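Line order of the protein sequences matches chains S and F.
The opening residue of the first sequence carries number 1 in the numbering used here; numbering runs sequentially from there.
The opening residue of the second sequence carries number 1 in the numbering used here; numbering runs sequentially from there.
Just so you know, these hints were derived from the structure itself, not from any lab.
Wrong hints could be hidden among the right ones.
[To be verified] A short, non-exhaustive set of chain F residues, derived as facing chain S with CB atoms under 8 Å: (1) K42; (2) L46; (3) S97.
[Stated by the list, open to error] Chain F regions said to be covered by chain S (calculated; three or more residues, Cβ under 8 Å): (4) 1-14; (5) 68-76.
Note that the structure is predicted; figures quoted are calculated from it, not measured.
All residues carry an ideal CB built from backbone N, CA and C; glycine is no exception.
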Amino acid sequence: EAQVTQNPRYLITVTGKKLTVTCSQNMNHEYMSWYRQDPGLGLRQIYYSMNVEVTDKGDVPEGYKVSRKEKRNFPLILESPSPNQTSLYFCASSLTPPGISGNTIYFGEGSWLTVV
Amino acid sequence: GENVEQHPSTLSVQEGDSAVIKCTYSDSASNYFPWYKQELGKGPQLIIDIRSNVGEKKDQRIAVTLNKTAKHFSLHITETQPEDSAVYFCAASIAGSARQLTFGSGTQLTVLP
Numbered sequence: 001e002a003q004v005t006q007n008p009r010y011l012i013t014v015t016g017k018k019l020t021v022t023c024s025q026n027m028n029h030e031y032m033s034w035y036r037q038d039p040g041l042g043l044r045q046i047y048y049s050m051n052v053e054v055t056d057k058g059d060v061p062e063g064y065k066v067s068r069k070e071k072r073n074f075p076l077i078l079e080s081p082s083p084n085q086t087s088l089y090f091c092a093s094s095l096t097p098p099g100i101s102g103n104t105i106y107f108g109e110g111s112w113l114t115v116v
Numbered sequence: 001g002e003n004v005e006q007h008p009s010t011l012s013v014q015e016g017d018s019a020v021i022k023c024t025y026s027d028s029a030s031n032y033f034p035w036y037k038q039e040l041g042k043g044p045q046l047i048i049d050i051r052s053n054v055g056e057k058k059d060q061r062i063a064v065t066l067n068k069t070a071k072h073f074s075l076h077i078t079e080t081q082p083e084d085s086a087v088y089f090c091a092a093s094i095a096g097s098a099r100q101l102t103f104g105s106g107t108q109l110t111v112l113p
């Protein structure tokens with residue numbers, strides 16, 4: 001079954017304590033990205049990756065890091081979390097960039113992160 | 001960069017009625033416009049998309065229309081059912097762009113039985 005798996009699904013943490021949200025896909029997709037979803041703002045892209053060792057900033061990259069050492073994994077790292085990073089996070093993957101015929105973006109089920 | 005505005009933010013309709021959600025975009029280079037449905041506790045799922053070389057696309061009870069000149073596109077759901085209740089997002093991108101999608105702010109659709 002095609003899947004994008006995120007962990008943890010729910011996390012409460014304290015300001016400044018480094019955390020990593022893992023993302024793994026089983027579809028051999030080249031393109032992966034992270035979004036955050038906030039009320040009234042929709043989904044905003046944090047970082048994206050075109051392939052292994054190729055990453056780039058999205059619209060809201062401040063305070064986040066990513067890495068793409070393997071094709072299937074794309075972890076999101078918060079080095080020093082702050083309360084304004086409290087949000088719902090989605091990892092997504094696709095075989096090719098959106099708009100290419102037959103391509104579908106698959107989203108994970110989301111990770112609720114609260115920073116106190 | 002691209003900016004996508006979506007209206008309304010909430011929409012309630014009676015079962016069997018139609019629902020319309022509208023989006024406008026700012027970047028005339030955008031040429032790919034998907035719509036996503038997000039059910040409670042799940043990630044968004046693609047329900048329909050349209051490219052800028054067509055004006056309308058239908059898939060059973062769902063249709064999307066695109067007006068390139070006015071830079072707006074709309075989702076139409078006919079004969080709504082309770083299972084259509086969800087948050088709907090429009091999005092825009094340049095097909096093939098690695099930056100993926102710019103999303104609207106979402107519409108909470110509630111279908112009343």
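Now for the hints, and whether the structure bears them out:
1. Checking K42/F against chain S by beta carbon gives a least distance of about 6 Å; that is within 8 Å, so the hint holds.
2. For L46/F, the interface hint holds, the least distance from its beta-carbon to any beta-carbon of chain S being 6 Å, beneath 8 Å.
3. Taken as an interface hint, S97/F checks out: its beta carbon lies about 6 Å from the nearest beta carbon of chain S, inside 8 Å.
4. Look at the region 1-14 of chain F against chain S: 4 of its residues bring a Cβ nearer than 8 Å to a Cβ of that chain, three or more, so the hint holds.
5. Counting residues of the region 68-76 of chain F whose beta-carbon sits less than 8 Å from any beta-carbon of chain S gives 0, not enough to reach three: the coverage restraint is violated.
Checked against the numbered hints given earlier, the structure breaks only hint 5 and satisfies all the rest.
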